[in-house]
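In order, the protein sequences belong to chains V and B.
Using my numbering, you'd call the opening residue of the first sequence number 1 and step up by one each time.
Using my numbering, you'd call the opening residue of the second sequence number 1001 and step up by one each time.
It is possible that some hints are incorrect.
The calculated label-pair distances, taken between Cβ atoms and stated as ranges, are [unchecked claim]:
1) Ala1256(B) <-> Gln76(V): 37 to 45 Å
2) Arg32(V) <-> Ile1146(B): 44 to 52 Å
3) Arg32(V) <-> Trp1344(B): 44 to 52 Å
4) Gln76(V) <-> His1072(B): 35 to 43 Å
5) Ser5(V) <-> Val1148(B): 34 to 42 Å
6) Arg32(V) <-> Asn1128(B): 37 to 45 Å
7) Asp75(V) <-> Ala1440(B): 43 to 51 Å
8) Leu1177(B) <-> Asp75(V): 19 to 27 Å
9) Trp1051(B) <-> Arg32(V): 53 to 61 Å
Please keep in mind that the hints were generated in silico from the structure rather than gathered at the bench.
We treat Cβ as the ideally placed atom computed from N, Cα and C, and that holds for glycine.
Below, each chain spelled out in residue letters.
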Amino acid sequence: MTRLSRIAAFLASPATADSCTSCHHFDRAPDRIEDAMPGLSALASAQASTFDGNGLCRFHDRIINGRGRCPAFVDQPSSNAALRLA
Amino acid sequence: MTTPTGSVSPNEPSAGPTAWFAKEDGWAILIGLAIVLTGSALFWNGANLRWLAALPPKWSSPSQVAADLVTHWPRYGAQYLFWLAAFAIALRALGRSIGTFVPAFSFLYLAAYAIFVLGQWEGAVRYNLEPPLVALFVGLAVANLIGVPRWLAPALRGELYIKTGIVLLGATVPLSLILLAGPIAIVQASIVSIVTFAVIFGIAVRLGLDRPFAATLGVGGAVCGVSAAIAVAGAVGARKEQASITISIVVLWAIAMIFALPFVARALHLPTGVAGAWIGTSEFADAAGIAAAQTYGGLAGKVDGISGTADQALQAFTLVKVVGRDVWIGIWAVVLAIVATTRWEERPAGSAPDVREIWRRFPKFVLGFFLASALVTAATAHYDLASYNREAIPNLIAPIKDLRSWAFILSFLSIGLTTRIGDLAATGRKPLIAFTAGVAVNLALGYVLSVHLFGAHWAGLGQ
Chain V
1 MTRLSRIAAF LASPATADSC TSCHHFDRAP DRIEDAMPGL SALASAQAST
51 FDGNGLCRFH DRIINGRGRC PAFVDQPSSN AALRLA
Chain B
1001 MTTPTGSVSP NEPSAGPTAW FAKEDGWAIL IGLAIVLTGS ALFWNGANLR
1051 WLAALPPKWS SPSQVAADLV THWPRYGAQY LFWLAAFAIA LRALGRSIGT
1101 FVPAFSFLYL AAYAIFVLGQ WEGAVRYNLE PPLVALFVGL AVANLIGVPR
1151 WLAPALRGEL YIKTGIVLLG ATVPLSLILL AGPIAIVQAS IVSIVTFAVI
1201 FGIAVRLGLD RPFAATLGVG GAVCGVSAAI AVAGAVGARK EQASITISIV
1251 VLWAIAMIFA LPFVARALHL PTGVAGAWIG TSEFADAAGI AAAQTYGGLA
1301 GKVDGISGTA DQALQAFTLV KVVGRDVWIG IWAVVLAIVA TTRWEERPAG
1351 SAPDVREIWR RFPKFVLGFF LASALVTAAT AHYDLASYNR EAIPNLIAPI
1401 KDLRSWAFIL SFLSIGLTTR IGDLAATGRK PLIAFTAGVA VNLALGYVLS
1451 VHLFGAHWAG LGQ
């Protein structure tokens, strides 16, 4: 597969088909994200449009957009629902 | 999208009108446009917002301040209640507690009033006591020397206040000016953004930092500071520690530039429009840049050798920073996500490209800025210049401008009070070197473009 065709395939693929947004490790609670990264709320916000659906992957300790599922995925939707604006 | 349990997944970006009010940008637009629409409606009916837009008077004796307060306390009270209600509703909709917000905001408003009073003192310019700098300095001093009580934290939403202020700023910028100067702002900002990103990214990789970290650092310096850094960190799957280090470096440089850029511009006697464009090119955050631009604009007419108007500094800044740099965040995020996924060895677990992010990450408050401009432009379209200056400026523009000043001061105080240097992540030598190299190039290139290549354009902005 050429590089261009790989890019085209990514753009065409459904964005959330394999998301990790319901993963037990994914945390999107604005308060906790702002607490986890001092300085974030000084000049930005976890509730800004630019933040979109970013969250914190507690397993990989990374900031992610939640659109790619990895082998560490653990489905726990109710947990994340409770985290929405905790 | 519903989960198997039937609840809406919190991590699935929602669509439709409700999505707008799930973010601060939507509320900043709503609050800002409500003020502009109300001001316009009153203006058409021969009234204005002046009563609500109370501001302490110029003074040389404290008794003048006391007399103003005795006479106008109902106006300050009404304004306090207006801001309190507007921001409380917004924050409640965003999932935050009103009960803790009310006492915190009350204290913040009183502090903002005190900052305004100090800034209106006749000796303020002589001692460099411009309100934005004082608000930041006082906030930083309290946060880092005394400590901020936890009960004050719910009111420290600098981003919401600054976005509301930027929407109100749109009402003072004619649409024709945006259309005329916007393309040059975009060209200037794009040149500097691409070069700055390339420098930071290239040096960071050469120093051995991994590419997600280098990209996060690069956009932090090139595009829109912390907001861009977090957007791209999510897109490329940067480690939390790397995002924290980038945030720390951006905050430290942004705070330093708030004081340094007006100081250097003053030493060089730059016209206000030129300085505003330079600040727009070389500051790292909207709030920080507005503090610097407003400070420098405040010197116009008060310090010998500084030509132009206060408005020119803010307008040039906003065009270059907000229109020229901020709106491209989504494109940077998507392009770097594609590059990370297709070219970098370490694939970002948990992140993947999605072209729709270009819109979702678009800083929506910018639309409020454009709408406010369009509304006021339409409301005053039938005025010639003389009647615009005689009628529209004092009765429509000036009250909006004064309310905007309150929003900005609330933001500057919040920034100072939330910036605790000791809490910021230790940056390490390599990221600091890479970012600082980008700062140096950004400053020099921004100066050349603002002063020499486009100097005449920015000096005459709106004239």
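Hint check:
One distance hint, 37 to 45 Å for the beta-carbon pair Ala1256(B) and Gln76(V), holds here, with the actual separation near 43 Å. Look at Arg32(V) against Ile1146(B): about 26 Å separates their beta carbons, and that is not inside 44 to 52 Å. The supplied range of 44 to 52 Å is broken by Arg32(V) and Trp1344(B), whose beta-carbon atoms lie about 28 Å from each other. One distance hint, 35 to 43 Å for the beta-carbon pair Gln76(V) and His1072(B), is violated here, with the actual separation near 56 Å.
Separated by about 54 Å at the C-beta atoms, Ser5(V) and Val1148(B) break the suggested range of 34 to 42 Å. Hint check: Arg32(V) to Asn1128(B), Cβ distance near 39 Å, so the stated range 37 to 45 Å holds. A C-beta distance of roughly 48 Å is found between Asp75(V) and Ala1440(B), which places it inside the suggested range of 43 to 51 Å. At about 53 Å, the CB distance of Leu1177(B) to Asp75(V) disagrees with the hint of 19 to 27 Å.
Between Trp1051(B) and Arg32(V) the CB atoms are about 42 Å apart, so this pair departs from the stated range of 53 to 61 Å.
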